[in-house]
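Which chain is which? The protein sequence lines are A and B, in order. The first sequence begins at 1 in our numbering and counts up by one. The second sequence begins at 467 in our numbering and counts up by one.
A couple of the hints might just be wrong.
[Stated by the list, open to error] Now the stretches of chain A that chain B is said to cover, found in silico as 3 or more residues with beta-carbon under 8 Å:
| no. | segment |
| --- | --- |
| 1 | 6-16 |
| 2 | 305-315 |
[Said to hold, decoys possible] Simulated coverage check for chain B against chain A, where a stretch passes if three residues somewhere in it have a Cβ under 8 Å from a Cβ of chain A:
| no. | segment |
| --- | --- |
| 3 | 569-579 |
| 4 | 587-599 |
| 5 | 659-667 |
| 6 | 717-726 |
Think of the hints as simulated: they come from the structure by calculation, not from any bench. Note that the structure is a prediction, hence the values are computed from the model and not measured. Ideal Cβ placement from N, Cα and C applies to all residues, glycine included.
Number of protein chains: 2
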Amino acid sequence: MPAPATLPRNETGIAAALGILAQRFGERFSRGEDIRRQHGHTMTWLANQPPDAVVFAETTEEVAETVRICADHGVPVIPFGTGTSLEGHLNAPAGGVSIDLARMDQVLRVNAEDLDVVVQPGVTRRQLNEYLRDTGLFFAVDPGADASLGGMAATRASGTNAVRYGTMRDNVVAVEAVLADGTVIRTGGRARKSSAGYDLTRLLVGSEGTLGIITELTLRLHGIPEAISGARCSFPSVEAAAEAVIMTIQIGLPVARIELLDAMAVGAINAYSKLDLPETPLLLLEFHGSEAGVAEQAETFREIAVDAGGTGFAASADAEERGRIWRARHDAYWALRALEPGSDALSTDVCVPISRLAEMISATAEKAREMGITAPILGHAGDGNFHAIFLLDPADPGAAARAERLIGWMSETAIAMEGTVTGEHGIGQGKAAYLDRELGPATDVMRAIKRALDPQDILNPGKIVP
Amino acid sequence: MPAPATLPRNETGIAAALGILAQRFGERFSRGEDIRRQHGHTMTWLANQPPDAVVFAETTEEVAETVRICADHGVPVIPFGTGTSLEGHLNAPAGGVSIDLARMDQVLRVNAEDLDVVVQPGVTRRQLNEYLRDTGLFFAVDPGADASLGGMAATRASGTNAVRYGTMRDNVVAVEAVLADGTVIRTGGRARKSSAGYDLTRLLVGSEGTLGIITELTLRLHGIPEAISGARCSFPSVEAAAEAVIMTIQIGLPVARIELLDAMAVGAINAYSKLDLPETPLLLLEFHGSEAGVAEQAETFREIAVDAGGTGFAASADAEERGRIWRARHDAYWALRALEPGSDALSTDVCVPISRLAEMISATAEKAREMGITAPILGHAGDGNFHAIFLLDPADPGAAARAERLIGWMSETAIAMEGTVTGEHGIGQGKAAYLDRELGPATDVMRAIKRALDPQDILNPGKIVP
Chain A
1 MPAPATLPRN ETGIAAALGI LAQRFGERFS RGEDIRRQHG HTMTWLANQP PDAVVFAETT
61 EEVAETVRIC ADHGVPVIPF GTGTSLEGHL NAPAGGVSID LARMDQVLRV NAEDLDVVVQ
121 PGVTRRQLNE YLRDTGLFFA VDPGADASLG GMAATRASGT NAVRYGTMRD NVVAVEAVLA
181 DGTVIRTGGR ARKSSAGYDL TRLLVGSEGT LGIITELTLR LHGIPEAISG ARCSFPSVEA
241 AAEAVIMTIQ IGLPVARIEL LDAMAVGAIN AYSKLDLPET PLLLLEFHGS EAGVAEQAET
301 FREIAVDAGG TGFAASADAE ERGRIWRARH DAYWALRALE PGSDALSTDV CVPISRLAEM
361 ISATAEKARE MGITAPILGH AGDGNFHAIF LLDPADPGAA ARAERLIGWM SETAIAMEGT
421 VTGEHGIGQG KAAYLDRELG PATDVMRAIK RALDPQDILN PGKIVP
Chain B
467 MPAPATLPRN ETGIAAALGI LAQRFGERFS RGEDIRRQHG HTMTWLANQP PDAVVFAETT
527 EEVAETVRIC ADHGVPVIPF GTGTSLEGHL NAPAGGVSID LARMDQVLRV NAEDLDVVVQ
587 PGVTRRQLNE YLRDTGLFFA VDPGADASLG GMAATRASGT NAVRYGTMRD NVVAVEAVLA
647 DGTVIRTGGR ARKSSAGYDL TRLLVGSEGT LGIITELTLR LHGIPEAISG ARCSFPSVEA
707 AAEAVIMTIQ IGLPVARIEL LDAMAVGAIN AYSKLDLPET PLLLLEFHGS EAGVAEQAET
767 FREIAVDAGG TGFAASADAE ERGRIWRARH DAYWALRALE PGSDALSTDV CVPISRLAEM
827 ISATAEKARE MGITAPILGH AGDGNFHAIF LLDPADPGAA ARAERLIGWM SETAIAMEGT
887 VTGEHGIGQG KAAYLDRELG PATDVMRAIK RALDPQDILN PGKIVP
């Protein structure tokens with residue numbers, strides 16, 4: 001795996017801060033190697049750069065205190081939730097202290113009438129939905145991993161049902177955050193909208209821990225739909241599938257999920273889950289609404305799909321049958337890995353206008369073939385966002401460099417199509433080289449904001465705008 | 467009308483910059499008093515503070531050039547669209563140059579497949595929807611006034627159908643903007659979502675011209691619904707109406723509009739529009755969807771309304787009949803003004819969690835009565851946002867001070883209910899005193915960002931964080 005650049009270490013400061021933190025936090029402070037490595041990263045494809053120590057914080061005040069101690073000594077602090085980010089967000093290229101927020105795991109208040117909830121950052125999305133079970137409400141953003149809500153906000157996570165319910169950008173009402181000097185701010189109340197000054201909520205969402213550490217979140221909830229229906233349809237080509245997606249979005253059909261799997265991904269799933277889907281591009285859909293509503297939506301989609309050349313349409317509002325239809329997607333990660341047993345998997349994402357999605361996916365598949373990289377593709381087609389999963393032979397010394405070249409090519413191609421180098425994984429270390437290419441002088445504005453709010457560059461240094 | 471504070475003027479700089487701009491822009495540069503006054507404000511309730519001159523820009527490069535000239539001489543620049551903002555956003559408390567963007571009025575590109583459009587900032591929302599007429603698409607944000615899209619983005623405008631389609635926060639995909647030093651940036655491409663770095667789009671949306679001047683916008687469009695139905699229902703109390711609103715939102719009924727008028731507003735409309743609505747709180751609704759869908763939505767709402775004590779329910783998907791149902795709302799502004807002919811009208815807004823909406827509205831009406839201010843109320847009830855329209859006797863020397871006290875009381879009360887001092891009008895000059903009260907130390911973050919991006923404080927000084 002490629003080793004990200006290291007940054008200069010402030011050895012004196014680190015030693016001093018660690019001494020104070022050890023005393024202050026006792027057993028909730030660790031320098032153990034396993035713990036440090038685990039906090040450097042878990043799921044990212046980049047090589048591990050562990051922090052020097054980990055503090056397990058239990059309150060906002062403890063986070064603030066830790067940041068103040070680190071700020072006094074010019075030492076980096078890196079917030080940690082569940083470690084499921086993908087672009088090296090948790091690495092410590094200049095060393096420093098990881099603040100583990102997993103113990104801040106309380107749901108503080110459900111406001112059912114207002115469809116909002118106040119949570120601590122270490123609550124995971126599944127834990128929250130479990131907690132909400134009896135309220136008739138749910139939290140909609142679903143990035144796949146059972147990530148912490150603080151981490152999901154920090155990376156502006158999204159997932160399969162963003163097409164209907166939006167991303168973390170849309171579902172975070174306000175946050176409490178600890179700034180680089182230990183100040184605690186709150187970016188808003190619980191109103192559903194506000195025009196009161198700069199949108200600091202949206203500035204912190206997606207800032208990847210580089211501007212502040214999120215210590216509390218007010219999140220938007222949705223009513224659990226009366227009925228949920230699942231559907232699938234095969235298409236002769238990615239172009240035909242994308243045509244159906246475009247029509248679906250254009251007529252405003254409120255699909256809750258619309259996922260695209262390319263032929264290679266379908267083949268992998270057939271093999272792994274013992275299914276016999278046609279090995280051509282597949283769309284999987286979910287409809288939320290009243291019973292009559294989801295039936296009408298499914299029928300409308302069927303007509304669109306058939307017009308676009310779709311075949312093998314199946315739909316059901318029955319929970320078990322719906323589970324079977326969606327099985328292909330739920331098993332996808334392990335099915336894709338099984339294409340090349342023993343391989344390393346690297347998941348990368350780009351996002352383009354949906355009119356360019358078919359072209360982007362086809363070109364990516366072609367380029368991967370040319371470069372000898374096995375790369376099945378899964379997409380949140382309604383958003384124009386997709387993942388290519390590179391399966392790399394760990395024994396092949398050239399594999400990592402080829403993968404990086406392919407990521408570079410995908411990034412350049414997405415930019416040329418007026419898209420973005422990442423729709424949901426974030427920049428971290430892995431995509432930092434492409435941010436300037438995408439946004440040019442706007443990245444200088446990001447740097448100016450970073451300098452203004454964190455003049456010592458101690459908050460998650462080396463990420464977004466290193 | 468209250469006179470906002472003035473700020474120190476840089477007379478030498480202003481004289482020098484005006485000389486250069488006069489030469490550069492010829493007939494598109496004006497120092498005429500009428501033009502200057504009209505650019506200081508049109509619809510705000512605050513006293514006029516005209517700029518020293520107006521430049522009528524026609525290109526991004528001309529905006530950048532004007533900003534560079536003003537930056538070289540430390541002279542304020544204030545962007546101007548249609549002048550329909552309400553909180554003194556356009557006033558020039560330190561003098562300077564208003565840049566009128568109305569001539570940048572071209573729709574540059576409609577991307578029907580991607581549901582987006584690229585426009586210049588002087589395009590108004592009606593002009594855009596007129597342009598889109600044959601595409602089956604529309605731009606959803608509707609603040610009432612036929613405002614420019616650049617101005618709507620700058621003030622994070624919203625309006626009656628934000629409950630379904632969101633505010634400018636949700637409907638701006640990316641912007642091009644001129645910064646305080648004349649640099650031109652673009653905050654993104656046309657992807658529907660992105661995790662690439664800080665959300666500069668959302669930072670500029672709602673920054674009221676204090677961080678950059680928006681010179682181009684990529685906006686999200688929606689498909690014109692197959693069917694639109696209108697409905698109305700009267701309620702015995704604001705509490706009963708709010709109960710129906712809460713249930714409606716909670717079950718996820720996708721209402722496109724849900725407007726609340728208090729008894730005083732209904733009385734005014736009866737008198738003005740010769741209607742005979744019961745003079746009790748009224749909800750007006752609009753449903754968008756398929757023909758079956760809107761009928762189902764209207765019926766579901768009827769059941770909710772009746773449960774909450776609603777009477778006189780009427781609904782229709784017929785365009786003419788729907789027009790009659792909504793007539794009450796369309797005539798509202800003039801109807802309310804007619805309550806006290808010759809009065810000055812001051813429109814203020816706050817936004818609270820919808821569980822607190824009834825309490826907030828009732829308390830506001832009671833407080834206004836106590837203070838002797840006639841103040842009918844109209845609300846975007848689904849968002850918890852409402853307007854109180856103060857009708858003030860221009861011959862009463864104490865009226866303005868009383869109005870300011872009532873605004874202060876409403877702001878404090880909304881904050882205590884975890885709401886915001888403005889849901890859609892913005893801060894400008896009028897609400898600047900309450901921003902610190904609402905957000906405390908978070909306003910220091912706003913100040914730090916402002917200083918970092920505009921160290922000379924030349925972009926619309928005296929607004930948001932004066």
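Each hint, compared with the structure:
no.: 1; hint: 6-16; result: violated (count 0)
no.: 2; hint: 305-315; result: violated (count 0)
no.: 3; hint: 569-579; result: holds (count 3)
no.: 4; hint: 587-599; result: violated (count 0)
no.: 5; hint: 659-667; result: holds (count 8)
no.: 6; hint: 717-726; result: holds (count 3)
Checked against the numbered hints above, the structure breaks hints 1, 2 and 4 and satisfies the rest.
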